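J.: The opening residue of the sequence shown carries number 1 in UniProt numbering; numbering runs sequentially from there.
Because the hints were derived from the structure by calculation, they are not lab data. Since the model is a prediction, treat every value here as computed from it, not as a measurement. Hints are not guaranteed to be accurate.
Said to hold, decoys possible - Listed next, with one range per pair, are the computed distances between beta-carbon atoms:
hint	residue 1	residue 2	range
1	G11	G42	16 to 22 Å
2	V55	C13	17 to 23 Å
3	K57	E29	15 to 21 Å
4	T30	K57	17 to 23 Å
5	G18	E54	24 to 30 Å
6	L27	S2	16 to 22 Å
7	V19	N56	15 to 21 Å
8	V55	G11	17 to 23 Å
9	E26	P49	26 to 32 Å
10	V28	V50	17 to 23 Å
11	K4	E29	17 to 23 Å
12	N35	N6	17 to 23 Å
13	W31	V55	25 to 31 Å
14	P49	E29	16 to 22 Å
Said to hold, decoys possible - Cut-off 25 Å, straight-line C-alpha distance, at most; resulting in silico cross-link-like pairs (BS3-like, lysine-lysine):
hint	residue 1	residue 2
15	K9	K46
16	K4	K57
17	K57	K9
18	K46	K4
19	K57	K46
Glycine included, C-beta positions come from ideal geometry on N, C-alpha and C.
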Amino acid sequence: MSIKINRYKCGYCGACVGVCPGGALELVETWVEVNDCCTSCGLCAKICPVGAIEVNK
1 MSIKINRYKC
11 GYCGACVGVC
21 PGGALELVET
31 WVEVNDCCTS
41 CGLCAKICPV
51 GAIEVNK
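Use the sequences and the hints to build the structure in full.
T.: Here's what the structure looks like:
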């Protein structure tokens with residue numbers, strides 16, 4: 001996994017899930033899961049309204 005989601009900041013709005021081109025993010029009840037399809041493109045971090053996502057390239 002190449003992104004880190006701060007669960008304390010995340011509002012679970014699902015914006016990141018909708019913009020992920022690889023479908024690597026999934027909103028499951030009250031958390032966001034990341035699978036191995038993540039390419040570290042950074043779109044999720046850019047769209048996150050609360051800055052809860054950190055991309056590690």
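J.: For each hint, tell me whether it holds in the structure or not.
T.: These are the hints, each one checked on the structure:
{"no.": "1", "hint": "G11 with G42: 16 to 22 Å", "result": "holds, 19 Å"}
{"no.": "2", "hint": "V55 with C13: 17 to 23 Å", "result": "holds, 18 Å"}
{"no.": "3", "hint": "K57 with E29: 15 to 21 Å", "result": "violated, 29 Å"}
{"no.": "4", "hint": "T30 with K57: 17 to 23 Å", "result": "violated, 28 Å"}
{"no.": "5", "hint": "G18 with E54: 24 to 30 Å", "result": "violated, 19 Å"}
{"no.": "6", "hint": "L27 with S2: 16 to 22 Å", "result": "holds, 19 Å"}
{"no.": "7", "hint": "V19 with N56: 15 to 21 Å", "result": "holds, 18 Å"}
{"no.": "8", "hint": "V55 with G11: 17 to 23 Å", "result": "holds, 18 Å"}
{"no.": "9", "hint": "E26 with P49: 26 to 32 Å", "result": "violated, 19 Å"}
{"no.": "10", "hint": "V28 with V50: 17 to 23 Å", "result": "holds, 18 Å"}
{"no.": "11", "hint": "K4 with E29: 17 to 23 Å", "result": "holds, 20 Å"}
{"no.": "12", "hint": "N35 with N6: 17 to 23 Å", "result": "holds, 19 Å"}
{"no.": "13", "hint": "W31 with V55: 25 to 31 Å", "result": "violated, 18 Å"}
{"no.": "14", "hint": "P49 with E29: 16 to 22 Å", "result": "holds, 20 Å"}
{"no.": "15", "hint": "K9 with K46", "result": "holds, 15 Å"}
{"no.": "16", "hint": "K4 with K57", "result": "holds, 11 Å"}
{"no.": "17", "hint": "K57 with K9", "result": "holds, 21 Å"}
{"no.": "18", "hint": "K46 with K4", "result": "holds, 13 Å"}
{"no.": "19", "hint": "K57 with K46", "result": "holds, 14 Å"}
Violated hints, listed in ascending order, are 3, 4, 5, 9 and 13; each of the other numbered hints is respected by the structure.
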